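S.K.: Sequence:
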Amino acid sequence: MTQRTLVLAAFAAIGSVAVALALLSGRGEPPATPVADTPRPSPRSPTLYCEFYNFVGRSPKVGFSFAISDRDSRPVFAQVSQFEMDGTRAEFGSDSRPIWALDDAQVPATLTSPDGAIVINLYAYDRTKSGGAWFEAGLRSVQYLNLDGKCRQGAA
7 MTQRTLVLAA FAAIGSVAVA LALLSGRGEP PATPVADTPR PSPRSPTLYC EFYNFVGRSP
67 KVGFSFAISD RDSRPVFAQV SQFEMDGTRA EFGSDSRPIW ALDDAQVPAT LTSPDGAIVI
127 NLYAYDRTKS GGAWFEAGLR SVQYLNLDGK CRQGAA
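For the sequence shown, this note's numbering gives the first residue as 7, with consecutive numbering after it.
Treat the hints loosely; a few may be bogus.
[Stated by the list, open to error] Calculated cross-link-like contacts (lysine to any residue; reagent style SDA-like; alpha-carbon spacing at most 20 Å): (1) LYS135 with ARG80; (2) LYS135 with ARG158; (3) LYS135 with VAL113; (4) LYS135 with ALA111; (5) LYS156 with SER119; (6) LYS67 with ARG146; (7) LYS135 with PRO52; (8) LYS135 with ASN60; (9) LYS67 with GLU97; (10) LYS135 with GLN149; (11) LYS67 with GLN149; (12) LYS156 with GLY144; (13) LYS135 with SER75; (14) LYS156 with ASP76; (15) LYS67 with THR118; (16) LYS156 with VAL113; (17) LYS67 with ASP92; (18) LYS67 with SER87; (19) LYS156 with ARG146; (20) LYS156 with PHE141; (21) LYS156 with ASP132; (22) LYS67 with PHE89; (23) LYS135 with THR116; (24) LYS156 with TYR129; (25) LYS156 with PHE61; (26) LYS156 with VAL62; (27) LYS67 with PHE141; (28) LYS156 with ASP109; (29) LYS67 with GLN88; (30) LYS156 with PRO114; (31) LYS156 with ASN60; (32) LYS156 with PRO66; (33) LYS135 with ASP110; (34) LYS67 with GLY93; (35) LYS67 with VAL125; (36) LYS156 with MET91; (37) LYS67 with ASP154.
None of these hints come from the bench; they were simulated from the model. Since this is a predicted model, take the numbers as computed values, not measurements.
Turn these sequences into a full structure, and let the hints guide you.
M.R.: In structure tokens form, the structure reads like this:
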């Protein structure tokens, strides 16, 4: 091989690595919409994890995780991640986490996505309890349909 061929091969390899790194780092996806004035949960903040099952109920179809912090004595649910059954996963940085609205004045309590497209019904949810006990939940959405599932709150 000539020196020119080796140089061109090296540039092609470097270009391939750069493209692969850009795709793996998510630069090809649109950035998440930043949420202004998002409360910063402490490293020991409680968490909420919910998963919802396909109609057979054997494997999770979609899951959501939230960091919970307090603002004016009300819990704030900042979405940390979302995973799909096909293996795709969305991660939200601490400065771009969507804030879901909690309505615990009714039974079941509900968590509603910022755009209102997804509602999670939280049956027997008690925000004062933690420790990983699972409780019943339901997902209501046009995209995912109505799915049964469960949630658990992690300890602070």
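S.K.: Each hint should be assessed against the structure and marked as holding or not.
M.R.: Hints versus structure:
Pair hint LYS135 plus ARG80 holds up; C-alpha atoms about 15 Å apart against a cutoff of 20 Å. About 10 Å separates the Cα atoms of LYS135 and ARG158, which keeps this hinted pair within 20 Å; it holds. This hinted pair checks out: LYS135 and VAL113 have alpha carbons roughly 17 Å apart, not beyond 20 Å. Restraint check for LYS135 and ALA111: the C-alpha separation of about 18 Å stays at or below 20 Å, so the hint holds.
The suggested pairing of LYS156 with SER119 holds, with an alpha-carbon distance near 17 Å, which does not exceed 20 Å. Pair hint LYS67 plus ARG146 holds up; C-alpha atoms about 13 Å apart against a cutoff of 20 Å. Taking the CA atoms of LYS135 and PRO52, the gap is near 10 Å; set against the 20 Å cutoff, the hint holds. A threshold of 20 Å between alpha carbons decides the hint, and for LYS135 with ASN60 the separation of about 28 Å lies outside it, so the pair is violated.
Only pairs whose Cα atoms come within 20 Å are accepted, and LYS67 paired with GLU97 is accepted, the gap being roughly 17 Å. With a C-alpha separation of about 31 Å, the suggested pairing of LYS135 with GLN149 is violated against the 20 Å cut-off. This hinted pair checks out: LYS67 and GLN149 have alpha carbons roughly 12 Å apart, not beyond 20 Å. The hinted pair formed by LYS156 and GLY144 meets the criterion: a straight-line CA distance of about 7 Å does not exceed 20 Å.
Proximity of LYS135 to SER75 is assessed by CA-CA distance (about 15 Å); at most 20 Å being required, the pair is judged to hold. The straight-line distance between the Cα atoms of LYS156 and ASP76 is roughly 23 Å, outside the 20 Å bound, and the hint therefore fails. At roughly 18 Å between alpha-carbon atoms, LYS67 and THR118 fall within 20 Å of each other, so this suggested pair holds. For the proposed pair LYS156 and VAL113, the alpha carbon gap of about 16 Å is at most 20 Å, so the pair holds.
Restraint check for LYS67 and ASP92: satisfied, since their Cα atoms lie roughly 8 Å apart, inside the 20 Å limit. Annotation: proposed proximity of LYS67 to SER87 holds, straight-line Cα distance about 14 Å (limit 20 Å). For the suggested pair LYS156 and ARG146, the alpha carbons sit about 13 Å apart, so the restraint of at most 20 Å is met. The straight-line distance between the Cα atoms of LYS156 and PHE141 is roughly 5 Å, inside the 20 Å bound, and the hint therefore holds.
For the hint pairing LYS156 with ASP132, the CA-to-CA distance comes to about 14 Å; that is within 20 Å, so the pair holds. For the suggested pair LYS67 and PHE89, the alpha carbons sit about 8 Å apart, so the restraint of at most 20 Å is met. A hinted pair counts as satisfied when its Cα atoms are at most 20 Å apart, and LYS135 with THR116 qualifies at roughly 17 Å. Proximity of LYS156 to TYR129 is assessed by CA-CA distance (about 9 Å); at most 20 Å being required, the pair is judged to hold.
Taken as a hint, the LYS156 and PHE61 pair is honoured in the structure, with Cα atoms around 14 Å apart against an allowance of 20 Å. Taking the CA atoms of LYS156 and VAL62, the gap is near 15 Å; set against the 20 Å cutoff, the hint holds. Restraint check: the Cα-Cα separation between LYS67 and PHE141 comes to about 17 Å, which is no more than 20 Å; the hinted pair holds. The hinted pair formed by LYS156 and ASP109 meets the criterion: a straight-line CA distance of about 18 Å does not exceed 20 Å.
Distance hint between LYS67 and GLN88 is fulfilled; the C-alpha atoms sit about 11 Å from each other, no more than 20 Å. Restraint check for LYS156 and PRO114: the C-alpha separation of about 13 Å stays at or below 20 Å, so the hint holds. Our distance criterion of 20 Å between C-alpha atoms is met by LYS156 and ASN60, whose separation comes to about 12 Å. At most 20 Å may separate the alpha-carbon atoms for a hinted pair to count; LYS156 and PRO66 meet this at roughly 10 Å.
For the hint pairing LYS135 with ASP110, the CA-to-CA distance comes to about 15 Å; that is within 20 Å, so the pair holds. Between LYS67 and GLY93, the direct Cα distance comes to roughly 10 Å. Compliance with the 20 Å bound is thereby established for this hinted pair. Taking the CA atoms of LYS67 and VAL125, the gap is near 15 Å; set against the 20 Å cutoff, the hint holds. Using a Cα cut-off of 20 Å, the hinted pair LYS156 and MET91 holds, with the two alpha carbons roughly 16 Å apart.
The straight-line distance between the Cα atoms of LYS67 and ASP154 is roughly 10 Å, inside the 20 Å bound, and the hint therefore holds.
Hint violations for this structure: numbers 8, 10 and 14, all remaining hints satisfied.
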